[in-house]
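Student: Start from chain R and add chains C, F and X according to the hints.
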Amino acid sequence: MNTTAETRPVVLQIEGLTKYFGGLRAVYNFDLTLYDGDLVGLIGPNGAGKTTIFNQITGLYLPTSGSIKFNGIELVGFEPHEITRLGIARTFQNIRLFGNLTVLDNLRIALHSQAGYSLFDGILMTRKYRQREAEILERAQELLEIMGLTKVQNELARNLPYGEQRRVEIARALACSPRLLLLDEPAAGMNPKEITQLMDLIHFIRDKFKLTVLLIEHQMRLVMGICEQITVIDFGEIIARGTPKEIQNNPRVIEAYLGKGA
Amino acid sequence: MDLSVLLSFAKIIAVIAYLYGLFWIMGLKVRPVTIAGKTLDLSLAINVAGVVVAFGIIQLALTDFGGFRILNEFDTGLLYQACTMTMVALGLNLIYGFNGQFSLGQWGFYGIGAYAAADVTYRWVNGDSSGLIVLGVGTILAGVIILLVGRSLSNLRRMPVLSSFTLYLLGALVSGYVAVLIGRWVSPLLNPLLGTNLEPGPLAQGFWLQIIYFLAVVFAGIFAAEISFLFGLPVLSLGSDYFGIATLGFTIVVYTLMVNSDTFLPFPEMRGGRGMIGIPKLTTWFWAFLFMMAVIVSMRNLIRSSYGRAMISVREDEVAARAMGIDVAGGKLLAFVIGSLFAGLGGGVYAHYIGFLSPGTFDFLIGFNPMIIVVFGGLGSMTGTITASFGWIFFLEGMLRDVLGRISPQAPSWRYVLYPLTLLLLMLIRPEGLMGKIEWGFLKIPVVPLRDTKQEGEVA
Amino acid sequence: MQSISRPQKMPVIVKPNSFLAWIGRGGLILLALLIAYILLRNLIEKPLFFVTNIINGLQLGFVYALIALGYTMVYGIVKLINFAHGDVFMVGAFTSFFAIDRFKLHEWPLRAFPTINPVLGIALGTITTILLSMVVCVLLAVTIERVAYKPLRDAPRIAALITAIGVSFFLEYFGLLDFVFSARFIPYPRPFEVTTWYIADGIHLTQPGEPIPENAIVISNILIIIVILTLGILLFLQYLVRRTKIGIAMRATSFDKPTARLMGINVDSVISFTFAIGAAFAGLGGVLYAIAYPSIKTLMGVYPGLKAFISAVLGGIGSIPGAFVGALIMGQAEALTASYISTPMRDAVAFTILIIVLLVRPTGIFGEPEKEKA
Amino acid sequence: MLLEVKDLHVYYGAIHALHGISFHIAEGEIVTLIGANGAGKSTTLRTISGLIRPRSGHIIYRGQDITLTPPEQIVRMGISHVPEGRKIFAPLTVRENLEMGAYIIKDKAEVNRLMERVFKSFPRLKERINQLGGTLSGGEQQMLATGRGLMSKPSLLLLDEPSMGLSPILVQEIFNIIKEINAQGTSILLVEQNAQMALSIAHRAYVLETGNIVLSGTAKEIAENPRVKAAYLGV
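Chains as they are written, first to last, in our numbering: chain R, 696 to 957; chain C, 7 to 466; chain F, 862 to 1235; chain X, 1362 to 1596.
There could be a bad hint or two in this list.
Unchecked claim - In the DSBU-like style, the derived pairs of lysine-lysine whose C-alpha atoms are separated by at most 35 Å in a straight line are:
#, chain 1, residue 1, chain 2, residue 2
1, X, K1467, R, K888
2, X, K1540, F, K1106
3, F, K1106, C, K443
4, F, K876, R, K764
5, F, K1106, X, K1581
6, F, K1011, X, K1367
7, C, K17, C, K443
8, R, K940, R, K823
9, R, K888, X, K1487
10, X, K1481, X, K1540
11, X, K1590, R, K846
12, F, K1106, X, K1481
13, C, K443, R, K846
14, F, K940, X, K1469
15, X, K1590, F, K1118
16, X, K1487, X, K1448
17, X, K1514, X, K1469
18, F, K940, X, K1487
19, X, K1514, F, K940
20, X, K1367, F, K1118
21, C, K35, R, K846
22, X, K1467, F, K1118
23, R, K940, X, K1581
24, F, K1106, X, K1514
25, R, K903, R, K940
26, C, K443, X, K1448
27, X, K1590, R, K888
What the hints assert, rightly or not - Here are some chain F residues the structure puts well away from chain X; computed CB gaps all over 12 Å:
#, residue
28, L901
29, I988
30, L1037
31, Y1059
32, P1205
Just so you know, the hints here were simulated from the structure itself, not pulled from any lab data. Even for Gly, the Cβ is constructed at its ideal location relative to N, Cα and C.
Bound-form chain R, shown alone (with noise of 0.2 Å):
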């Protein structure tokens, strides 16, 4: 960890975070500080627990015992779509798209939240109701225009190739307007060329939301070519903290996860 005084202000706080699921210790004792601009990444083998940890944070699980602070918040208890309207936004691991809907229909829905009319004007058809449709509408092709999904659009979500899904997932996810974006390996399945262009992507949406990102990862090159900090844990608890380098050259983690080969 830095020694050096952050200034930055701190986005995401996680303490003491323990997740048992009956008698199976999933995550324990689990700490983690994000601050404002972070690109941090989580590694570990797998069954480690890091996709647990992703859920406690979005509230899909409820934590055993710990606490996760969001811009000061305490989010434990919040309900999942609670937590996503206050800025944190996620991708899935095996890309969960709604397969039968359109690519703009996905995004659309990511804006519901922020639909801003009444159920009322909806069924009525009011003007404020064509409005908002409108910016919406907007906002969604913006965010398709700058993933380069444009022409998409009116394809189904199922209908696109493997690569084009994990991006319409993140431009979905970017929708939730978040300040805090969780990625579940993004780059699985992905070649080395496609991963090169990820690894640019991540780097470009941060910069341009002004975003905090949290990366689950198993391809070395993604996670050790981008992240700033990365955590390693094994068995629910933290084995290590660090940058890369430091990662790569600490012997528990090389036993645990890496290996000699790499």
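Tutor: Below, chains C, F and X without anything else, positioned relative to chain R:
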């Protein structure tokens, strides 16, 4: 084949063509015209005119021109039945087709709407205004209380669903009790104006009676919606199949209560299993058309709004929907309540067309029909549901009964053997339903044109 | 575009043991206390009548268990609510009716070997009748599965469900036709006499014409037969599913069909086998039910089928002991409601219990809690 | 020739997934198919093992046409498929999972002998023999899936993405075991995302792109091909 069989066929096709024409007109967009330097957009005017003409055509066909009518008494019945079935099935399509909640409870809400509305007007024409007052005050009060409880619960987190349910239930019970007290107090003041069944008073005939009918149907719909809220709140948190079973149970519980309405429940006029008779037949084509169109239009607008998209996202993937900031529990509840509202309205219209309600009509076996219609027409297709509702009623109740009845008096019972076979064949040949997800006319979802890339156009 | 509304106020988080969390539980506890009070009062006032009710409920519950096993196994393997199962039960009862009424099948040992011990002869005859019903039910269920469900295995689940409803309607409405089973109640000729014993200061065999004392508990031979057969079947099934190769294959198939095929398991046969077992027990249940309540009609399968299905859900669908426990609860609920509340309300009560249990334990009593996946 | 695939065309609905691919595997070989996600690698394996029916083309195994043979028959002929994502039977114990792998073998003693052999390769499974499959860690599940695949005594093992979701250290371990299995005489068709690893143990390789085989050769040749280097090896 003899002539009348062809005629029946022609009727089915004519009715469905009529509906398509109506939807086509409603979806019509004309280019603005310039008259005397002023640009006028006549789209809305043409749409409204089209709807009025569409209403008028059937109204003419129903009118008796000195012994000659295009649609006879039997066809009229089918028409009204088809309208109510459309409302019920559309409500179910909202719940199941668009929101993905497998509900078998639609028939129960339909029954609740029918009995509630019937009870109000029955009492009214028999000189008792308490039905309307209790139902009206009760539903409004309960609605207000439910909203208040909801507001005060909204800043509590992780409240167990059973506890919030108990609070809502207490609120509803209190408002029901208050409504009964008010009814007891106010109705004697109004009753003298109502007269009796044989000598109706000023408020129990003509225009006023129509108003009362309208109120009865609307309040019955809201009543069904409120019941569905109370029932759905805890039950919607169950998984899909379990929810299906619980709603099937709801239909059966409602049925059982109907059978025991004069013993277990304090409604002697409903006469339990013997069936409720003497309901004023107030449903006219005007009302049936009005309610049906109201349901179709509001559902269509709902689906196209952000709320509708949120509902659809719940069907597609609940976890992803939550992660996108969508209140999944709220979305399910909303769809369920609105769907039940439609069913309740349908029930009210039905009760006043048929004039006789028997619990047998609301048996759960028959309650599968809306589900079958929705699947037949295509899940998530409003056009399909409407077509299937009309086709179903006119074909199964109309044509098959007519045609088979001519073969032998026993033959009509064969239609219930034929219809599961048709169903089986359809499912084997086209499991996604007749229409799939296709929409037509004004129900069609417009394709959004690509955006002009005139802006800076950064591409990652 | 406006920014998202971010809450300013800190929410109050309801702790699991706070007053607010207890409101709901309190309501349920009050309800449970009320029921316990009614039952206890009746137990104290008329203990023997109460025990008689329990026994009636037991008999019903065991029959439900026989049907529920089929539901739970089929659901476990193909995730399909086999609505036609209740009608298979009905067909079982009607098969035995025709066998007994038209062909006197239950008397064949007496006719073939006139010297045979009459009790043994009747027993053999009855077993033959039951076996015949079971075979007919198995054939019917396997045919249904092959014709109506198998082609839809890759279709959306709703398609199969609608088909199941369709098959059920077909069997019912076809049966209702006058030349098939008709809509009438038909008196069922029992293959053997139902003997009853009453317990009032010692066990007595009820003699024909002899009045049963007021405060006696009555036990019949059919009750004993139902209980023993059902318990036997339960143990057999438990062994089958847990220990045998086909049983493990059934569990593997229910979890993941394509992978099961990769193991060399013939998934279609395993599924047919499951349907066959379920149907056999439904057929058996049909015959026993008809003997116990000797009046049959075409729609007789609807409500027992539904109750059995509720039992399966109550116990945790997919679980064999769950189906059994659920069925016992259902039987008791029905018998006690009929006696102490009102007979027509018993269907409502059955479902109310189901809904309450599901609210407390969303996957049923023995069901494994659903894991959230993300 | 152990297995020969000739001009295989596969469609998912209207989507043309495999555009007539041909390749072969000789006795004792490790052959790898590499390619991007969605190139049709898994589809190829699923077609060989019978889960998907091809529109046209032939699959010939030991001189016998098995194109339309159902999967449960194909296992009996000696082809075992370890599916993508491991597909462990989560509610079954490790022992039961392995027993299911040997479903086609009637002889109980033989099953036990095979199980012992699997435990020799994967000692960790023996420690967890009565644990439910679903409670194993990712690496253990992959071992169980591979072990289960070996229980039917296959002469050809189809491995679909054995390294998926595993940490680098486990990937190494799994690949060592694959080499060992091959050394004991089982031919292997390996589908891998991790092209580097796959090429390091394979004898020959094929490169799949959008349903076509665009390159083939020995593993060494492929690994040195500049196009492959750029697209799959990230050099």
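Student: Can you give the numbers of the hints that this structure goes against, from lowest to highest?
Tutor: Per hint list: 1, 3, 5, 8, 9 and 15 violated.
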